[in-house]
Structure formats: structure tokens, C-alpha cells
Amino acid sequence: MTNHYIDMRNSDCILIMGSNAAEHHPMAFKWMLKARERGATLIHVDPRYTRTSARCDYHVPLRSGTDIAFLGGMINYILQHNLYFKEYVLNYTNASFIIGKDYTFNNGLFSGYDAGKRKYDKATWVLEKNEKGVSKRDMTLSDPRCVFQMMKKHYSRYNLDKVSSITGVSRENLLKVYKAYSATTGPHKAGTECYALGWTHHSVGSQNIRTMSIIQLLLGNMGIAGGGINAMRGEPNVQGSTDQAILYNILPGYLKMPSASCDTLEHYLKKYTPESKDPQSANYYQNYPKFFVSFLKSLYDNKGTKENNFGYDWLPKLEDGKHYSTMHMFDKMYEGKIKGYFCVGADTAVSTPNTTKVRKAMQNLDWLVGENIFNNETYEFWRGPGVDPKKIKTECFLLPAVATMEKEGSQSNSGRMIQWKYKAAQAPGDGLPVGEIEIKIFAAVKKLYQKEGGPNAAAITSLYWDYLDSNGHFDALKVSKRLNGVFLKDTVIEDKVKKTTTLYKKGQCVPGFGNLQLDGSTASGNWVHSGSFLADGTNLMARRGKDDPTGLGIYPNWAYVWPVNRRIMYNRASCDINGKPYNPKRNILEWKGDKWVGDVPDGPWPPLADKEKGKLPFIMKTDGVASLFGPGMVDGPFPEHYEPLEGPLAKNPLSGQLINPAIEIFKSDLDKVERASEKFPYVCTTYSCTEHWCTGALTRWQAWLLEAMPAAYMEIGDTLAAEKGIKNGERIKVSSVRGSVTCVAMVTKRFKPFTIEGKTVHQVGMPFNYGWLFPKDTKDDSTNFLTPTVGDANTFCPEYKAFMVNVEKA
Amino acid sequence: MNNNTEIVKLIDTTLCSACRGCQVACKQWNEMPGLPTKQTGSYQNPPDLQWNTWTLIRFKEYEDKDKNFTWIFRKDGCMHCTNASCVKVCPSGALYYTPIKTVGVNREKCIGCKECISACPFEIPKYDSKTDKVYKCDLCYSRIKENLPPACVKSCLNGALSIGPKDEMIKKAYAKVEKLGGDANVYGDKFVGGTHVIYVLQFKPEVYDKMPVDPKVSKTLFIWKDLLKPLSLLAAGGVIGGSLLHYVLHGPHRPHPEHMEDDKKQGGV
Numbered sequence: 000m001t002n003h004y005i006d007m008r009n010s011d012c013i014l015i016m017g018s019n020a021a022e023h024h025p026m027a028f029k030w031m032l033k034a035r036e037r038g039a040t041l042i043h044v045d046p047r048y049t050r051t052s053a054r055c056d057y058h059v060p061l062r063s064g065t066d067i068a069f070l071g072g073m074i075n076y077i078l079q080h081n082l083y084f085k086e087y088v089l090n091y092t093n094a095s096f097i098i099g100k101d102y103t104f105n106n107g108l109f110s111g112y113d114a115g116k117r118k119y120d121k122a123t124w125v126l127e128k129n130e131k132g133v134s135k136r137d138m139t140l141s142d143p144r145c146v147f148q149m150m151k152k153h154y155s156r157y158n159l160d161k162v163s164s165i166t167g168v169s170r171e172n173l174l175k176v177y178k179a180y181s182a183t184t185g186p187h188k189a190g191t192e193c194y195a196l197g198w199t200h201h202s203v204g205s206q207n208i209r210t211m212s213i214i215q216l217l218l219g220n221m222g223i224a225g226g227g228i229n230a231m232r233g234e235p236n237v238q239g240s241t242d243q244a245i246l247y248n249i250l251p252g253y254l255k256m257p258s259a260s261c262d263t264l265e266h267y268l269k270k271y272t273p274e275s276k277d278p279q280s281a282n283y284y285q286n287y288p289k290f291f292v293s294f295l296k297s298l299y300d301n302k303g304t305k306e307n308n309f310g311y312d313w314l315p316k317l318e319d320g321k322h323y324s325t326m327h328m329f330d331k332m333y334e335g336k337i338k339g340y341f342c343v344g345a346d347t348a349v350s351t352p353n354t355t356k357v358r359k360a361m362q363n364l365d366w367l368v369g370e371n372i373f374n375n376e377t378y379e380f381w382r383g384p385g386v387d388p389k390k391i392k393t394e395c396f397l398l399p400a401v402a403t404m405e406k407e408g409s410q411s412n413s414g415r416m417i418q419w420k421y422k423a424a425q426a427p428g429d430g431l432p433v434g435e436i437e438i439k440i441f442a443a444v445k446k447l448y449q450k451e452g453g454p455n456a457a458a459i460t461s462l463y464w465d466y467l468d469s470n471g472h473f474d475a476l477k478v479s480k481r482l483n484g485v486f487l488k489d490t491v492i493e494d495k496v497k498k499t500t501t502l503y504k505k506g507q508c509v510p511g512f513g514n515l516q517l518d519g520s521t522a523s524g525n526w527v528h529s530g531s532f533l534a535d536g537t538n539l540m541a542r543r544g545k546d547d548p549t550g551l552g553i554y555p556n557w558a559y560v561w562p563v564n565r566r567i568m569y570n571r572a573s574c575d576i577n578g579k580p581y582n583p584k585r586n587i588l589e590w591k592g593d594k595w596v597g598d599v600p601d602g603p604w605p606p607l608a609d610k611e612k613g614k615l616p617f618i619m620k621t622d623g624v625a626s627l628f629g630p631g632m633v634d635g636p637f638p639e640h641y642e643p644l645e646g647p648l649a650k651n652p653l654s655g656q657l658i659n660p661a662i663e664i665f666k667s668d669l670d671k672v673e674r675a676s677e678k679f680p681y682v683c684t685t686y687s688c689t690e691h692w693c694t695g696a697l698t699r700w701q702a703w704l705l706e707a708m709p710a711a712y713m714e715i716g717d718t719l720a721a722e723k724g725i726k727n728g729e730r731i732k733v734s735s736v737r738g739s740v741t742c743v744a745m746v747t748k749r750f751k752p753f754t755i756e757g758k759t760v761h762q763v764g765m766p767f768n769y770g771w772l773f774p775k776d777t778k779d780d781s782t783n784f785l786t787p788t789v790g791d792a793n794t795f796c797p798e799y800k801a802f803m804v805n806v807e808k809a
Numbered sequence: 000m001n002n003n004t005e006i007v008k009l010i011d012t013t014l015c016s017a018c019r020g021c022q023v024a025c026k027q028w029n030e031m032p033g034l035p036t037k038q039t040g041s042y043q044n045p046p047d048l049q050w051n052t053w054t055l056i057r058f059k060e061y062e063d064k065d066k067n068f069t070w071i072f073r074k075d076g077c078m079h080c081t082n083a084s085c086v087k088v089c090p091s092g093a094l095y096y097t098p099i100k101t102v103g104v105n106r107e108k109c110i111g112c113k114e115c116i117s118a119c120p121f122e123i124p125k126y127d128s129k130t131d132k133v134y135k136c137d138l139c140y141s142r143i144k145e146n147l148p149p150a151c152v153k154s155c156l157n158g159a160l161s162i163g164p165k166d167e168m169i170k171k172a173y174a175k176v177e178k179l180g181g182d183a184n185v186y187g188d189k190f191v192g193g194t195h196v197i198y199v200l201q202f203k204p205e206v207y208d209k210m211p212v213d214p215k216v217s218k219t220l221f222i223w224k225d226l227l228k229p230l231s232l233l234a235a236g237g238v239i240g241g242s243l244l245h246y247v248l249h250g251p252h253r254p255h256p257e258h259m260e261d262d263k264k265q266g267g268v
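Residue numbers (numbering that gives the first Met the number 0), protein chains in the order written: chain A, 0 to 809; chain B, 0 to 268.
These are computed hints drawn from the structure, not numbers from a lab. Heads up, the beta-carbon is just placed ideally off N, CA and C, and yes, glycines get one too. Take the hints with a grain of salt, since some may be wrong.
Partial pick of chain B residues on the chain A-facing surface, computed with a CB cut under 10 Å [said to hold, decoys possible]:
hint	residue
1	G40
2	S41
3	E62
4	I71
5	T97
6	S128
7	T130
8	L156
9	S161
10	P164
Using the sequences and the hints, build the whole thing.
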């Protein structure tokens, strides 16, 4: 998140949309309730009335997959009623920039679309520059081609009637939310938005969030206390997984995974190092090469030299235009192209969409290695329902891992806070931390490559691999220090601001990424972690200081927040161009004399009014300002409502483009889709419950938790249940074109029918926490038998939350 | 809060999000098992308080007369009455008043008579046939003795559960009710001598499941324990006392001479 959990209590209005915070982020919800105690309004927008709704000021139901329509309507409302924070928008966003003359938007498609490839060429999505190479601007915001006017035109189509017809939200409720939330505009109010998987689990997931970012920028809510975009991560440490890049397309610290066309280090760095000619833009990513070279050095140490491009050539490369998400992996596995599979701390036979395809795919494996604290459906796939073990040739291993309290290490929460924690209990039996399992397996692989050679053997034999302690066990501190960064030789660092020079000895920790070097003299596995240790090795993540000088919940000496212990990102936007806080009552940062006082400033540079040395506040953006027009997305620079891959409508009410034009369509025989069909007439969403953790692979073994939530259920509105003669508690069958499951019907008032384009559309929902393996005698199996293999166009986060089903008595 | 302060636990239902943290924390502290249950179309599980479930979140979907919908959550459990029917009726002293005026449980003394189950106006104590004993919340007396909050209170993230000196907590409850307005009310301080578990309710008590509107110590119980029992003890004592007096005054009972011929005529051997 841009802000942090405790900061939520500083907000005046909290929009919980794309989240069921009370049920799944209870610690976060605690802070939201504290905001409410102070007089804040809590709004819950969700297809279903949940335990969160009960504790908010009000609940607004909307059809799954229509968030962009809802939020687009809010943008329209804000612009039509001139509710935007003008000074903020002018100075800190690209509202005044001029969009290139070849950019168009027509009937649901942006310029540059290749329908055959389902891909955009973004060449026309540019902002015009003047002869100095700096972006042209119209500070009156009246030029018809300026971002502001183009955006206003784009969202003028999202009028109340249209939005109501798409989302199923009444005009009255739309206005209620728009009014309440846009009241956080201006210098003295703060609004924040909290989302989780309710927004990301869609084929338009990234754009859901982008739309809200636009709203937050228009209202001046970015960079301030009680504001921001608060992604709530957690189950299962999504923050740690994205920071450390357990994802195919990024490297630790959100560096880019190289593609084959970046054939040299030089070529790669040129592609990903942005340039800005604007003297007031800090363009901090110009330091990208220092982060990347330091990353390579962390892998290859002294085997990576300037001569061999620090080992860049050894790195595996993505095939241009190809993707390797979990869904892609199972697609290739289904084709028989993947022979071995490590399934670590996961239960993909229950959690990945289209379970039939996933489990069939696994039958093609030669070997499977599991690392987990319990057994689960994935590791038992070879004797699951309908599988004859005699026909399965896969060799299966299950290595016992240890639980979180049974090992030392760091834990990152959504507030980018990295907290060090210690081992509290000894794990039973032979269990080892997953880190240790990985290190030892790879040490053995390295030895084999050294002995036998192989393709690209140097990539493996050259690896620096010293991560065990003197007893041969995983050394969390060693790994952590390597992520932070170390000086590989004696280095003198000059601090021009403080006017000091410091000598760091070889082996000392790098005290912040500002010290990372381009010449290969520093190694850092994850530049955003850099600074979590002091040069002398003091572990800042282990701090537990309870002082809060601003009174706004910043607690600067509690653990370590990346980057550089900054709690609120873009915090210089909380001040005007003279560095005076917009809201003196929520002063997290102020320019006093010659320095910033408060939270760690997002860039030490003076405020904008200093024409010589001042810098714009959004320092990680090339232009230094935040993007209303955002060409970084693959599916459009302005968010646009598209229907889910499989939805109730045959036509998009807003344009001729029904589904997201940039999403990948999977084509195996098991990738069936049936939209706008009488056979599968109900919109279905899936979710978790408080009592279980993801697939239930950990929690179904816990008697106390299973007692509270023993088995799968589908929540069905009482109107629909009455129509179908379904009684509360009876067993029902739920099916999609891809598969079916049975479960217990939970007839409830908490799902009400929607009126969409003049027709009644029912929505139902069920949790995904159950599988066939446990408890014994369960009649349940994976809810993902129902879901389609499709994901967001940018991230491939699967569309678990909007697809079509039928429901009948079992 | 020392060991002898009269304490009250406050359940503010308007802050509860029914996470069941308290339901599980109670089981963990008291080493009560989780038993197999069935999904019957409700989040409420187990369906009722049990010998192994001393606190339970009750769920209710409620639509008021204006069709405003609320999903109501209420944490159920022992009310720890000042005038506790269960203590009154317990023959063995297994149920007793602690120094902090809560109702403690000494299961070793429980004889499984189940009188407390019939007596409790809130239907709290539950029986286990395997151990032949009755179980209920004891407000974590073992923790409070050590200056720790009850397990449920500790686990509550939202602050729906809090504990403190009686007057302070009652004051806190009324302040919240005033802030809420409408039908909001405090439940517990006005009956059975005042309970040591009180609620802030959003709606009138009749709206909630298993929440008696006017709970009392039953009259029959009063008559039995406060009148008949002392009288019967008195009577029993009188019989023993009278017999002793008779012995002292008249000596042991011997057959009267005039009756001995009668006995012979009846042919008693």
C-alpha cells in the first residue's frame, strides 16, 4: 500500500470496495473502526452483504465485475461538479500534459490495437514534448487534447443511468457514495480506499485499481495521512511474494525480468532506465542500473565482472510476448511440455482456476515435489477422485516444511513494513524451513552441474551460494544482509547534501540504496530492502520503538518500512509547492528552513517553489507527476469498463468491445466459456471465509476452525432460492460449462437480485476453502472446478470473482 | 484491577464482526476440543453452546419494520449473575461466587445432577454424559487472578470485548448507548441483581435469539431454596432434636407391658 495500516485511523472517509476487510484483514479493520470512532464514514461496496457490511455505515451491492463502471461514474461526477482539488491536480499530476495527436479512443478500443494478436502497440499513447524534450503543458486545463479534457470526455459516457444499468446499483446509492467520497477533496479532508482480491481477481483487475488512483489524485488524497491506495495483502504474504519476486515477470525489488530481445546488459538497461529532460523531475529510476548491477552481483559475486556483464548473459530470459503465470504453466503442463513441478506452500489442485484442467495436467508429470507443513489435494492428486493410481507415472515427494513460528526471519506486511521475528517453537520431526530446503537442493544441483556440465552450466556453477550457518542450517540473517546489500570492497561514499564522506569497509552492510554502485562494487539482492541494516550490521527490522512524535501513527522506530523507512509514499504531495502541509492538523511532513521534518521525505529535495533545486513529489515517475493518463498499462491509458470473460451480457452497454481486448484467451479443449446463456444464468463469485486460510490446506486440519466452518456452502439470495425451490441447508449442485461441485445451500437475505440492462440478474457466491482430502467423509471438492482459465491483462491474476453458473437441487 | 475488585465484562455488539476469535480463544485456554459439526446453512457453528463450547457467536439476519437489514452478531455465554440461579441450586458447591463476584466452576465437585441447567434463565450450563459433569464459562478466573484479561477479551481485535471495574464498565456501556441512539440499550445491569457480563445492544432484547427479555431467579427456586429447604432442614433438625430429647427424658423406647399380650395374639415370632 502507499500508506500503512495504522494510518487508516487518520481518514475521514474509507471506501472498502474490492475487499471484505472485517473478515479477511481484521487487524486493518480495527484501524478503520478507530477512524469511525473519530467520526469517519465507512462505506462497503460489495456484491454481497458480509460481516464487514454489518460494521460499516452502509452497504451498497453491485454486480461482480463492474467496478470500473462504478468508479468511472465517480470520476464523471467529480469532474462534472468541479469537485477536484485544482492546485494539487495542476501541480502534481499529468492533467495539464498534452496527449499525442495520434491517440484515439473509439467504441471501446484505444489506438494501436491488433485484434489478431489481442495486443496494443502503444506507440500512439504518448504525451507531447517541446523542443527541450520536456512535456508540453496547458496550465489552464482547457486545451481539448490535454489529459484533463480528454479524461473528462472519456468519462462523460459514464453517466448515472448507464452506470446504474451496468452495475445494478440504484441512482440513489451511486449518488450517496459519490457525494460522501468526493467530500474528501481539498486540503483538509482525507479519503482512503481499501481493496484486496475483490478488485485483483478480475480480467480488468489492474485497471480497477488504476481507476481509483485517478479518483485519489483528483481529490488530492495521495501522499497524505489518511489517504492513499491501500492494497490489503496478507493471505498468504502477497507483499513478501511481490517484494521478493516469486513471480515470473519481475526480479526482487520490482526490477524487470529480461526478455530474449534484450540480448545485452546495455540493451536491457537502456530499455528499462527512464530518461527525463525536466530539471524538476527527480526521475529516481534513472538509478535503475545501480540496482540491477547490484542484483547481479548478489547472484554471481566475484564471478560476475564488467567483462562478462556481471553475469547478465547467464540469466534466463523470457520469450518475447510470452507469459509464464500459473495458468500458463498448467496450460503447458496439460500439453505435456512440463515434466517436473515444485509445489511449495501451495495447493494448486484446489486454488488454480479450472481444476479439471489442472488435475489432468498433473497426470503428465514425471515428478512432483511438495514442500509444506501438511499434506494436501495437490500432493495426493495421483489417488484423487476419479484417478486410477495404477495409470499415473508421476514420482511424488513430500518434504516436510516448518510453520511460521518455527523459524526465524522477516515478515513483510502490506504497509511495506518488514518485521523481524524469532523462532518460538521447535518443529516436529524432520521439518525444515523452506529456505533451507531450497538452499540445500540447489547446492546439490550446483554440484551436479560442476561434475557433469550441462546447458548454460555457468549460470548455476557461478552462483554465490553461502547462506547456511556454521551448523549447516538456513541463516536468515545472512540471506537478509545479502538482500540489503554489502560492500564488496572498501568504498568511500560522499554525501553531497550532508557534506560528509564516509569510508565503508568490505563486507559492511549498505545503509541504503542511495549507496548502491554501478561498477559492481556493491551486491544487493533486493534494492528496496536496502537500508534495513545499518552499516555495522544492526538489524532495523528488529526494532520495537513505541514513540510516535507526529501522533499520526508513524512510529518511525518500529521495525523497518521500505523504502528507507518512509511510512507514507509520495508524502511531499501532502504539502503545497512551498512545502507547507495542506492540512496542518495532519502534518506528516513540513519543509522547515532547509530540510523536511516528519516522516522520511519522498526525496530529500526542496519543494517545487525552489526553481533551482526543487523536485516534483512523484519521484519514481519519469515525469515526476502522477499519471491520470497512464500508458504503462497493456489494456489502455484510461480505465474502461469491459464485461468479465464470462458474464451475463452479450453486449457491453458502453461500447462495441465486450471483454478486455488485451486479455489472453486460452485455447485447450478444457477452456470452454459460455456467456449470456440460459444454461448458466447466474453470476458467481468466490471468496474465502475468516475461519479458513486459502484452500483450507492448513486450516481444515484444525479442529477448532473446522468446527466453526465445517464444509462448503453457496450463499444464495432468498428470492432465487424460492424460485428454485431450494431450502436452507439442503445439498445443491453448482455447475459451470467447465465443471461442477455440490455443496450446502445457505439461503440468505444478503444477496439481492440486480437489475442489469432492464433484466433481473441473480448473483451467488461460494468459498474456495474446501477440497476432497480432508475432513474424512467430506462431500466437498474444489470450487475451482467452476472457474475459467483467464486473468488480468497485466498481471494474470485469475478472474475468480465473475463467471456464470447454474444452481439446482443435488 | 486487583483480585477483589468487582469486575464486569462488556460486550459491545455494535463493534463485533463475528470473527469467532473469542470462540476459539476460549477453547484454547480451557483446553476444550473442537468437535465435528455440520454445515446446516448458517455461519453459526456449533449451533448452540455445548459442554465444549462455552461461548458462541449467534448470527441472525434481521429486517426491521422499515425493511432496513442488519446481520446481527451476539456473543452468548454465562452472564455471571449477582443472584445466580445456578449457584443457588447447586447441591455440591461446584458453582460458587468468586471474590470478584463472578460465578466460578469447580468441576471436581460437580455431581452431574443437572439442576443448574433447569435453573438458569439464560440456558447456559451444558452437560457432558461422558464425564457426567456440567460446563460453562468461568470468566477466565484463572487468568484474572494473574492480572490477565479473559482469553476472549484478549483475542478481540475490534474492541467489542472489554473488562474493568463494574461502575466504570456500566458507565462506558451507557455512554455508548447514548452515542448510538435509537433502540440501543444496555442489557444485564438491571436484573438478577445485575450481571457481570453486560451488553450494548443495537436493538431491543426481544430481537435477539435466546435473549430473555426479563430474566429472573424463578419463584419455585426461591420457594425451594429460601423457604422450603431451610424449613425442611429445620424440620429435620427438629425430628433429630426431638428424638434426642425424648431419649434423655424418657430413656430408650421399651415395649409397654399391656401390648405384649397383643403381640402374642398376632402370632409374631
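Outcome of the hint check:
Taking 10 Å as the C-beta cut-off, the interface hint given for G40 (chain B) holds, the closest approach to chain A being about 4 Å. The beta carbon of S41 (chain B) comes within 7 Å of a beta carbon in chain A, closer than 10 Å, and the hint placing it at the interface holds. At its closest, the beta carbon of E62 (chain B) sits 7 Å from a beta carbon of chain A; the interface hint therefore holds under the 10 Å criterion. A hinted interface residue such as I71 (chain B) counts as satisfied when its beta carbon comes closer than 10 Å to some beta carbon of chain A; here the least separation is about 8 Å, so the hint holds.
Proximity of T97 (chain B) to chain A is violated relative to the hint, the smallest CB-CB distance being about 27 Å (cut-off 10 Å). For S128 (chain B), the interface hint is violated, the least distance from its beta-carbon to any beta-carbon of chain A being 19 Å, above 10 Å. At about 18 Å, the closest approach between the beta carbon of T130 (chain B) and any beta carbon in chain A exceeds 10 Å, and the interface hint on this residue is violated. A distance limit of 10 Å between C-beta atoms decides the matter here; for L156 (chain B) the minimum to chain A is near 5 Å, and the interface restraint holds.
Because the closest C-beta pair between S161 (chain B) and chain A is about 13 Å apart, greater than 10 Å, the hint is violated. With 10 Å as the threshold, the beta carbon of P164 (chain B) stays out of range of chain A, its nearest partner Cβ sitting at about 22 Å, so the hint is violated.
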